Amino acid sequence: MSRWIVDHLWFVPAVPFAASLAILSLPNRRHRSAAALAVAGQSAALAMSFLAFLPTLQQSGFRAVQNFTWFTFGDHALRLGWLLDPLTAVMLMMITLVGLCIFIFSIGYMADDKNFVRFFAYLSFFSGAMLGLVISNSLLLLFICWELVGLASYLLIGFWIQRPSAAAAAKKAFITTRVGDMGFFLGLLWLYGRSGTLLFYDGGNGCLESAGLATLGAAVTFIALLIFCGAVGKSGQFPLHVWLPDAMEGPTPVSALIHAATMVAAGVFLVARVYPVFSLGAINGVTPSLTIVVWIGVTTALMAALIAIAQADIKRILAYSTVSQLGLMMVSLGVGGVAAGMMHLLAHGFFKALLFLGAGSVIHGCHGEQDIRKMGGLRRLMPVTFSTYAIGMMALSGVPLFFSGGWTKEEILHVTAHWPASSLPYYFLLAGVVLTGLYMTRQIIYVFFGDRRADSQQAHESPSVMTLPLLTLAICVVLFSIVLTPAWPWLHDYLTATSARVELAHLVQPTLFLSLVLVGAGFTLGIWIYRKAGIQDRQRPDDADPLEFAQPRLFRFLENKMWIDELYSRTVVAFSWASARLADWMDRNFWDRFVRGFGAIGQIFGTFAANVDESGINAGVDETTVGTRGLGRLMSTRHSGQIQTYLGVIAIGVLALLVFYAWLA
Amino acid sequence: MTPTLQAFLIVSVALFSIGLLAVLSRRHAIFILIGIEMMLAAANLNFVAFWRFSPQSQSPTGVMIAIFSIAIAAAEAAVGLALIIAVYRHYHTTNVDHLDQLKG
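Sequence lines, in order, name chains A and B. As numbered in this note's numbering, residues 1 to 665 make up the first sequence, in order. As numbered in this note's numbering, residues 666 to 769 make up the second sequence, in order.
Be careful, since some hints might not be right.
[Unchecked claim] Derived pair list, reagent style SDA-like, types lysine to any residue, alpha-carbon separation capped at 25 Å: (1) K768/B with A687/B; (2) K768/B with K171/A; (3) K768/B with G641/A; (4) K171/A with M93/A.
[What the hints assert, rightly or not] Just so you have them, the derived chain B footprint on chain A, three or more residues with Cβ under 8 Å: (5) 628-642; (6) 646-655.
Simulated from the structure, these hints should not be mistaken for lab results. Being a predicted model, the structure only gives us computed values, none of them experimental. Backbone N, C-alpha and C fix where the C-beta goes; we use that ideal spot for every residue, glycine too.
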């Protein structure tokens, strides 16, 4: 059974791919068939993932690979393969389960869209690409799926292609991630050049096994950092995070998919997958590449949390919270807590999908309004959305005990506190926790509390096809915490291949109180600052934010995303434009001369050849033809058509021959 | 007076020359055909004469060739006359001076 599932693990991504192709061949109005196919494909992938999950439960540290040769060149064979281990298995479960909820939600959310069929084709494609990424046992196959994920995100972010901002956001996402992928590809080539294989595990010869790692030598830091470039692009880490908030231009289910199950999870997953490359030669758990990972993560986490405070778009706040949480995961990976980072990734997948779908439900209920200042008082109009959203919000903020996000966040704080290199990241992360509580309180007060503001009069609760996925995800968010507690750290031990024991005494830890205090501080701060905006009433949508009132310049700085987009457009983009112009000018005024010079030489030769032809060769040919024709004309006059003349000539000829022979004899 | 080979050859040459003269000088196609028949008769006469005066005149080789030749000449005359009739139907003339469409 377990062998069968390893041999056929490729079914898991293949089924959504096949569903995607089938949906693409449907006519545009077959909404029901498209949705049914997509959901069926995703359900089948979920069932397969569950089958793949079972063998990893039975045996601690289960790892099975299936490799095959793609093609051979010379005496080198390029081999690909897939891999089943706990990391892959939990990712498969999370992606298919969250993906299925999002697919079902989309049926309601996209019901009125003209391009419903195309949307579901892209969704299935996205899911298939991501599933292919997590089962890869080869850095090359992973890279291929990685790029397919990038393509799918491009198609979906720019799904409303009639909106110029959506098209621009799609391009921005694609190009920004491409910058990181360039580094990833270089790292991949370097790794291949050193180790001669791109397979992760190959019975002792893979590049992540000790023999393969030994070949990397001093280059390992650079290879790790180049691969990390890809993760920076994909997971929206500073300085390549700019595409992720813009990706909000896509339909909300797409945002949920990008932020929870697919796309951004890929970067964290990549680092976790090739972690042996990062941690090779670690002294006390610290390597140069991991240190850089930590600091990038810290910068991202704190910066994004600050920016999130000043955003007004309900989805943009969530987008920056994703950036911030991904930074947190990177810190966790960097300080050595791979299991903690992956646990937070999984928990984040559930609650961020819940939050985005909740936001989608709010937007759907408010008829497309996304500005939180124009909402308000929705808790009475949309009770299901409100309660599930609150669960997601508390999980994101890290409220302990009942919400999965709280446990994983504590775990990350715990491993970060014990990082030997520096204790600064720990304090930064503590500040990040407070900020997360603050901006989520702000958002929820604006959206759900207070009086109804501008556009929320006609708000309505969403249909059950949208609320059911919300409820499912909310239950998952809460139930998931069972396997995360320190009392029974099942998931942690499952990922690190140790056996879990129930020890209730471990349930209460110092970090539990610490995070309780921090989250409480964040909530209190939020409620205190925004008490006028929500709890008390009479605020107009165009009134200044309380923080803007207190610190207008700082608020504007944060509202404009720390001017990073502007900085890029002044530097990188401007530089690209300038070099393009320079290249254009060089082309027109400098290289053109060479080209024209060569052209002139060609023309001279051509003219010469033409002259030789005209005057020398042509004359001879002409003369020959004239002579031939003249001769022919002359000869033809002898053909009189008079049969008796011919016979006479023959007779004379025969006579002449006779005379000649007689004379000879 | 016993006939000699020479006498036969003289007759044959005379026949051939008369035939050739007819072929080269007459304008009417049928007369040209007759001339050709005369030249053929001269050749047949030569065959028979040379056979008759040869040392081995027991087997009738020369006569046989002459008989075959006459049979073929009959066929040739039939084809030639048919051609002349076809030409006449087409051009309404049998004067070979006017049948000069194959000139260059």
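We went through each hint and held it up to the structure:
no., hint, result
1, K768/B with A687/B, "23 Å, holds"
2, K768/B with K171/A, "82 Å, violated"
3, K768/B with G641/A, "4 Å, holds"
4, K171/A with M93/A, "31 Å, violated"
5, 628-642, "holds (count 8)"
6, 646-655, "holds (count 3)"
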